[in-house]
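Asker: One letter stands for each residue in the lines below.
There are 2 protein chains.
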Amino acid sequence: MTTVLERDLVQRRGFANVAAADGTVTGFRMDLRMPNYRGIAGSLVEGVEVVVDGESFPPEAGVWTLQGRTFTLDELRASTDVRWAADELATVTVPRPGGLRLGPHQVAVAVRLRAPYIPAFAQPSVFRAEGVRVVVPDAPITGPRLGVSLYSYAGDMFTSMTLEDAMADIADLGATGIEILGEAHVPGYPEPSSAWIDTWHASLERHGLVPTNLGAWVDTAMWRDRDLTVDEGAAQLARDLRLAHRLGFGFLRPKFGVVSAELDPHPIWAPAVEKVLDLAADLDVVICPEIHSPTPLHHPVVDGYREFMRRTGSKHFRLMVDTGIFQTVPVDDGHEGFAKGKRPAFLEPLAVPVSDLEEMIDDVAFIQTKFFEIDDAGRDLHIPWEPIVDVLRRTGWDGWLSSEYEGRREPYRGRDQVRRQHALLRGLLRG
Amino acid sequence: MTTVLERDLVQRRGFANVAAADGTVTGFRMDLRMPNYRGIAGSLVEGVEVVVDGESFPPEAGVWTLQGRTFTLDELRASTDVRWAADELATVTVPRPGGLRLGPHQVAVAVRLRAPYIPAFAQPSVFRAEGVRVVVPDAPITGPRLGVSLYSYAGDMFTSMTLEDAMADIADLGATGIEILGEAHVPGYPEPSSAWIDTWHASLERHGLVPTNLGAWVDTAMWRDRDLTVDEGAAQLARDLRLAHRLGFGFLRPKFGVVSAELDPHPIWAPAVEKVLDLAADLDVVICPEIHSPTPLHHPVVDGYREFMRRTGSKHFRLMVDTGIFQTVPVDDGHEGFAKGKRPAFLEPLAVPVSDLEEMIDDVAFIQTKFFEIDDAGRDLHIPWEPIVDVLRRTGWDGWLSSEYEGRREPYRGRDQVRRQHALLRGLLRG
Chain A
1 MTTVLERDLV QRRGFANVAA ADGTVTGFRM DLRMPNYRGI AGSLVEGVEV
51 VVDGESFPPE AGVWTLQGRT FTLDELRAST DVRWAADELA TVTVPRPGGL
101 RLGPHQVAVA VRLRAPYIPA FAQPSVFRAE GVRVVVPDAP ITGPRLGVSL
151 YSYAGDMFTS MTLEDAMADI ADLGATGIEI LGEAHVPGYP EPSSAWIDTW
201 HASLERHGLV PTNLGAWVDT AMWRDRDLTV DEGAAQLARD LRLAHRLGFG
251 FLRPKFGVVS AELDPHPIWA PAVEKVLDLA ADLDVVICPE IHSPTPLHHP
301 VVDGYREFMR RTGSKHFRLM VDTGIFQTVP VDDGHEGFAK GKRPAFLEPL
351 AVPVSDLEEM IDDVAFIQTK FFEIDDAGRD LHIPWEPIVD VLRRTGWDGW
401 LSSEYEGRRE PYRGRDQVRR QHALLRGLLR G
Chain B
1 MTTVLERDLV QRRGFANVAA ADGTVTGFRM DLRMPNYRGI AGSLVEGVEV
51 VVDGESFPPE AGVWTLQGRT FTLDELRAST DVRWAADELA TVTVPRPGGL
101 RLGPHQVAVA VRLRAPYIPA FAQPSVFRAE GVRVVVPDAP ITGPRLGVSL
151 YSYAGDMFTS MTLEDAMADI ADLGATGIEI LGEAHVPGYP EPSSAWIDTW
201 HASLERHGLV PTNLGAWVDT AMWRDRDLTV DEGAAQLARD LRLAHRLGFG
251 FLRPKFGVVS AELDPHPIWA PAVEKVLDLA ADLDVVICPE IHSPTPLHHP
301 VVDGYREFMR RTGSKHFRLM VDTGIFQTVP VDDGHEGFAK GKRPAFLEPL
351 AVPVSDLEEM IDDVAFIQTK FFEIDDAGRD LHIPWEPIVD VLRRTGWDGW
401 LSSEYEGRRE PYRGRDQVRR QHALLRGLLR G
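Each protein sequence line maps, in turn, to chains A and B.
full-length UniProt numbering puts the first sequence at residues 1 to 431.
full-length UniProt numbering puts the second sequence at residues 1 to 431.
Only chain A is shown next, with the shape it has when bound in the complex (with noise of 0.2 Å):
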């Protein structure tokens, strides 16, 4: 598959503390994209100036490595057969004892790069930017594992990021777990190609990824003159039950249609579902109904998925929570696809006890880590993290936490977002 860069000099993705071999960190690194139209030659490079948070590097004090070989900018400026191209990365690699503290930095840079072809006195042409980038920890932590859903990425998917990109960004978190939504980022829903699906499994050994959830719809009002019936439901539940086996994923999200402001799901789910138990147990894949603000976990729609539970005695069907319940804060951001003005209701704060999450915690299968902003000191507006987290650690909970941003949907914003909430729950899991 095929990857693209990101637009800003400096990439989010790669943006890290570097250590020696005895595990001392030694400073940070960073992939800079050619700053002009065309590749030159290496030793057309006059450095680059970084500052972070003020702090300023000199040109003199980055090392360059440049098609897999590295180089101090006087060897780069002597070189003969190495070239930064338009198409590849420098990365840059900047000495600094201890490297750079975890979560968001203020990072400034000015490229010098020499221009022959250009009269000397305007010469070196300089290529400046500035944002804010973020170093995620490397250290272990305990309990949960930690994933991406791609619907993080909704801002950029097909635009400015492929699925391999995605791949990418989500391995340079130090994540494992990929999720997906079948209907955006399976070209060919319900029925990628045999080629497609081959990628798929090479991309995610190349990465180190586990599939996690796939995301599925079960759209009951899917025609204007009649519901899905019970027989339909079941068979798009099938259908998506074997998508997922064949993709290596363990969790189904079917999301039904609902009939309620409070998103009571369409009544053919219970029969639907039950319908398919015996194929999810045989494939080993957990269906799980996604709880979901404005809905509660004390609140009939639970309950009803919970005597499901109790009743067919499955371990196949399993809650899935969406962090968005505990949110205490509004957004007020809008949302793509609402009108403007008018805040959207799981956009308000429910903010649900977490003492709800610990008492039923033993029937929650996987945990969707909704989020809206994280600030440039790292600190999320809405979502009480630490409360939560305090919880996973109390149970011994050790299922996927699996990010999805959901806020404004700007260019490479859901990408840098996802990286603060890394930095953030990988500080608060730190073993």
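Among the hints, a few may not be true.
Unchecked claim - With a cut-off of at most 20 Å between alpha-carbon atoms, the simulated EDC-like pairs for lysine to aspartate or glutamate come out as follows:
id, chain 1, residue 1, chain 2, residue 2
1, B, Lys315, B, Glu359
2, A, Lys340, B, Glu49
3, A, Lys340, B, Asp8
4, B, Lys340, A, Asp138
5, A, Lys340, B, Glu130
6, B, Lys340, A, Glu49
7, B, Lys340, A, Asp398
Claimed, not checked - Chain B residues, not near chain A, derived (Cβ > 12 Å throughout):
id, residue
8, Gly14
9, Val18
10, Phe71
11, Asp156
12, Leu163
13, His245
14, Val302
15, Gly337
16, Glu406
17, Glu410
Said to hold, decoys possible - Cβ pair distances, simulated, as ranges:
id, chain 1, residue 1, chain 2, residue 2, range
18, A, Thr26, B, Arg246, 43 to 53 Å
19, B, Gly304, A, Asp376, 53 to 63 Å
20, A, Ala19, B, Arg246, 57 to 67 Å
21, B, Asp198, A, Ala202, 13 to 23 Å
22, A, Arg408, B, Glu191, 39 to 49 Å
Just so you know, the hints here were simulated from the structure itself, not pulled from any lab data.
The beta carbon of each residue, even a glycine, is placed where N, CA and C say it ideally should be.
Go by the hints and put chain B onto chain A.
Answerer: Then chain B, alone, in the frame of chain A:
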């Protein structure tokens, strides 16, 4: 090769008039990107309201083409086996006798989609977008042939546009020439893999494109302690001539380092070129020095090139003219790599008389149709196209006009501006 989608809902590529079999123009069409984060069953589409230059077309007016099949809105609502996938475009064709006039239009859309998992009172979801979209004439032209330099797409290449996208954009204009920069657009330059070269030729054929000019550099000041020798310069030229030939290009523009503010080329240019003139003849690739602002046509640099032509008698060394030399109005948009607030010399209006072009047209092999901005009314703000095209008409010049957009490098701007230029030029060149 892979493509990515334009971020804006209404894609620039594919915006066009449509005609019946007998040639009567019956309406216009546009490609829409799925505005939501997931693909959906066609039955969930509730249509799109379209407004073009203040004229409204209701949701029922448009005919939808999805996955190669065409539907009225009612047929789509009742459909059972077609999807609007997140990674596929929907084509909406709107009837309007006579279509839209050529050039830029203000286009607004509101795409309506149903999501059964959202309470009915908040449905349908409505996704709005607006912007300028350009209809390029598909009528035949006479005289010069039209092409595009990928330099025009510098703000998009590798980040929001692949090489395959660039080819598709050019083909969508009805243009047939593709100009590239070796150091920017050939992965692995100067030694691309055979696999890549095969892909290059296959993509050219698929899009009906002809390689025109390969842009190359001879960076005479490549190292800081000494200049390139004649032999080193000649070796680079030979390498690039062979690459040009292998990729199917008929022209090579080598940009030598300069030694003055007026862009006097480094003196090795003449002996280095002379050493490869036989090779150029063998490969039938014309070497073209570029005449670029601030160097006018009557200038010792150009005199030197023309004298070289006369002295060697070679047909494989001829001039390339960049139309920036005809610029009559200053450009104050700045330029990447140059300090802000100071206008580089090449953005000053050099205003070379068009009669100078006529005078030496027989020495001109290639024209880069440099431009900076064409406004929403389709008018170029800096370059006088009518007299330039008049000269080409009068002299019967029939070489390549290769678009070279050099304005601001915001995403998608170059792609939009190239469409505007082709609408303008095709209007002037209509048979």
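Asker: Taking the shortest Cβ-to-Cβ distance between B/Gly337 and chain A, state whether it exceeds 12 Å.
Answerer: violated, 3 Å
Asker: Quick one: are B/Asp198 and A/Ala202 within 13 to 23 Å, going by C-beta?
Answerer: For B/Asp198 and A/Ala202 the Cβ distance comes to about 22 Å; the hint holds.
Asker: Per the hint of 53 to 63 Å, is the separation of the Cβ atoms of B/Gly304 and A/Asp376 within bounds?
Answerer: holds, 56 Å
Asker: Would B/Val302 pass as off the interface with chain A, using Cβ distances and a cut of 12 Å?
Answerer: Fine: 16 Å to the nearest Cβ keeps B/Val302 off the interface.
Asker: Is the Cα-Cα distance between B/Lys315 and B/Glu359 20 Å or less?
Answerer: This hinted pair holds, its Cα atoms lying about 18 Å apart.
Asker: Measuring Cβ to Cβ, find out whether B/Asp156 lies farther than 12 Å from everything in chain A.
Answerer: violated, 9 Å
Asker: Taking 57 to 67 Å as the hint, is the beta-carbon distance of A/Ala19 and B/Arg246 inside that range?
Answerer: This hint is violated: roughly 45 Å between Cβ atoms.
Asker: Taking C-beta pairs only, is B/Glu406 more than 12 Å away from all of chain A?
Answerer: violated, 10 Å
Asker: What's the verdict on B/Lys340 and A/Glu49, does the C-alpha distance respect the 20 Å limit or exceed it?
Answerer: holds, 18 Å
Asker: Just double-check B/Leu163 for me: nearest Cβ-Cβ distance to chain A has to come out over 12 Å.
Answerer: violated, 9 Å
Asker: Hint check: A/Lys340 vs B/Glu49, CA-CA at most 20 Å. Holds or violated?
Answerer: Within the cut-off at roughly 18 Å; holds.
Asker: Between the alpha carbons of A/Lys340 and B/Asp8, is the straight-line distance 20 Å or under?
Answerer: holds, 19 Å
Hint check: violations occur at hints 4, 7, 11, 12, 15, 16, 17, 20; the rest are consistent with the structure.
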